[in-house]
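Chain by chain, the residues run as shown.
Protein chains: 2
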Amino acid sequence: MRIVVIGGVAGGMSAAAKAKRTNKNAEIIVFEKGRFVSYGACGIPYFLSGEIESYESLIVRKPEDFERAGIKVNLNAEVKEIDVKNFNLTVEINGANEKVGFDSLIIATGASSKRLPVEGRDLEGVFTLKSLDDGIAIKDYIKRASVKRVGIVGAGFIGLELIEAFVKQGLEVVSVDIVSSPPPQFDEDMVDFVKEKVEEYKVKTYWGAGIDRIEGADKVEAMVIEGERVPVDMVIFSVGVSPNSEIAKNAGLELSVAGSIKVDERMQTSVDNIYAAGDCTHSYSAVTGKPVYLPLGSLANRHGRVAGTNAAGRLAFMKPIAGTSIVKFFDIGLARTGLTETEAKREGFDVDSVVIKAYDKAHYYPGAGKIKVKLVWNRKDGALLGAQLSGPYMSVKRIDVISSLIIKKASVEDLKAVDLAYSPPFSPVWDPLSIAANQAVKD
Amino acid sequence: MRIVVIGGVAGGMSAAAKAKRTNKNAEIIVFEKGRFVSYGACGIPYFLSGEIESYESLIVRKPEDFERAGIKVNLNAEVKEIDVKNFNLTVEINGANEKVGFDSLIIATGASSKRLPVEGRDLEGVFTLKSLDDGIAIKDYIKRASVKRVGIVGAGFIGLELIEAFVKQGLEVVSVDIVSSPPPQFDEDMVDFVKEKVEEYKVKTYWGAGIDRIEGADKVEAMVIEGERVPVDMVIFSVGVSPNSEIAKNAGLELSVAGSIKVDERMQTSVDNIYAAGDCTHSYSAVTGKPVYLPLGSLANRHGRVAGTNAAGRLAFMKPIAGTSIVKFFDIGLARTGLTETEAKREGFDVDSVVIKAYDKAHYYPGAGKIKVKLVWNRKDGALLGAQLSGPYMSVKRIDVISSLIIKKASVEDLKAVDLAYSPPFSPVWDPLSIAANQAVKD
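The listed protein sequences derive, respectively, from chains Z and V.
Per my numbering, the very first residue in the first sequence carries number 18; after that it's consecutive.
Per my numbering, the very first residue in the second sequence carries number 18; after that it's consecutive.
Think of the hints as simulated: they come from the structure by calculation, not from any bench.
Any given hint could turn out to be false.
Copies of the same chain look alike in the list, so a pair counts if it fits in one copy or across any two.
[To be verified] Below, in silico cross-link-like pairs of lysine-lysine (DSS-like), each with a Cα-Cα straight-line distance of 30 Å or less:
1) K374 with K37
2) K131 with K378
3) K37 with K387
4) K165 with K97
In this text the structure is predicted, and so the values were computed from the model without any measurement.
Go ahead and model the full structure; you've got the sequences and the hints to work with.
Structure follows, in structure tokens:
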């Protein structure tokens, strides 16, 4: 039995490893178009900030490690075509095309960063950040071009991490986002701490503003934002990603939300024995039941595990997800799960919500800070639809409580009933989540 | 309508405040035998360590604040007797006994620290720690008697906090506990980090050893432990507490587990319109359904809120609890919820368990440390029975995920399905809880 995996980062390599563990006798072949496999892409901002010295720390397992486990890894090997009728694919290795047959296939082609369609977007000094190679190229360019001022287009999760990284590198940072209260993944009433931080660190922000064009003779010299010329030496687009699903689409596989490869709960595509995993595909939301496109490393690993198990002949399911994400921005954190109030209304729920601000530790405990909690629930039955947290960074990991409750279809009444851990260094006697639940229930 | 509250700390004052908010017209009278009300008793160790300079920071609301809210607070007022037939009580104020009638009564008499029945237990320099007055007396004695060496009997949660507090004060600390791997609230395989810390901070430990007696001419000079004379200038017993339920028992109210005042889900005692809250009473376990005695500040506040609501004429329920507790010991934390493996076996469950050790953040993120996770579940249906965590201190607050799942009768399969928040500063791509769940499910 031969299982082929296209793509060697999070989804692909966890699929390959899990397939091998599931079926020791299966032949596993991975094709990765880049020169690295199995790295923690989410760690790249910390490599740019200098908090991680070498990009090699980000590499979890090397090709040799996989080879030792009986997994054949081909680098610089780009799959050009999938033939779903004859179960083979065409791959370009060292400039030559090869045909490779398979019994099961796992597509883990990832996603590509978008660039806004503005003039100058392809000038030298304009980057996006998705792969480890992107990260290395950015760090290299900063040095080579003596970059002093960097423009970051987009202030979502990665955008914020890049702001922090470059501030820590001593660069002047200009942030542009069309949204006036980024990150856009949050309700507007939850992001005031973000504004405080950009002021504190003297980041020049153009929020609620569009970029007109990028200017420069042969390399980046300035961004023009709403008519104002803002000199920068480098520009990074961080305005989201699109799934790399073209190869699947060309093969006749069905697509789903945001152009991602359509899969069922087994991560199987519209063709039997062909699976997808990671940023090229989608998950299902536990709140809406609908497919949801969330390109996150944690989900890619989950997808891979499920796809790998099924591809190797055992049964596994990717259960619906709460949809949890988290980001650190200097000393604050932002976290969300489920739907925001805006999203829940858009989905047609009869939405109720509450926002509270409370200490994250006992008020008298050294270092206590304020955390903001927003709960969103269904007015009809109290079912939790989502939550957002912002505050001292470690404090927002408590989002996981809400994620767990959402998975169990719990209500704000249920949250109120949970005896959350209390001791002064960890929480006030009423945990902020309990305070929010008490207010939601209005008892 | 008159509501009387006996006891003015966590359970009592939250009951009084909630009763007033529930029924603005009710007359609320509090009798507190000490000189303080409404303080964070759990903060006392941090007052002893010097991390909190003044004990006044621990006081949440002063008697004047309650008076302004329409709640009458009597300090140094000890209730001597409750007459449950005629609905009145006898209280000693300024040396004189007074009779006070009530329509509803809330008993929040708290608990008292135990002393082991050894010779010398009443010598000058022997203390227990429960009330703010205890804390003030200990701090005062350290100064007055120039204490250099302190013996702490018991290495449970408070015992550990006291070890840390006195080490931070530059004192030599001797810790004794009959258990060889304290704290006794944990399975033995979960406490290795505790042993590392006492070694690191050169705490002299006699664990798995009993104290024979305390010696001294007119004040403490030494503890004798298993025949060895260990010089100390002060001894603190930290060997647990007993509920102050004598007054309730004398009045004919039924008692429950560990001698606590028996209550139903409304926190009502065996007599209608008489309630109990806090360390003098019990909760119900969501795992076993049985009453459980857990004298914790967080539960006291929950009890008080429910008792106060019911006493004031509206309906509220204290739902069964997971049984969550947490403690910081230097830079590590220990947390538990539900049952330990030992407890679960004792309860007759068909127990399965797993222990894993993993990074608490991405392995490459600065400051990442190892966290240990133990899951305990019912082999029959996978239902979570409990969990224990130990590791870098903020990392163990994730115990709340398991508490929430226990409240919802969830299984290890459910835990496996939760998409826990991932970003390198917060967690590895597989959160330690997910790693444990994956191992538990053996998929």
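Violating hint indices (sorted, rising)
Of the numbered hints, just 4 does not hold.
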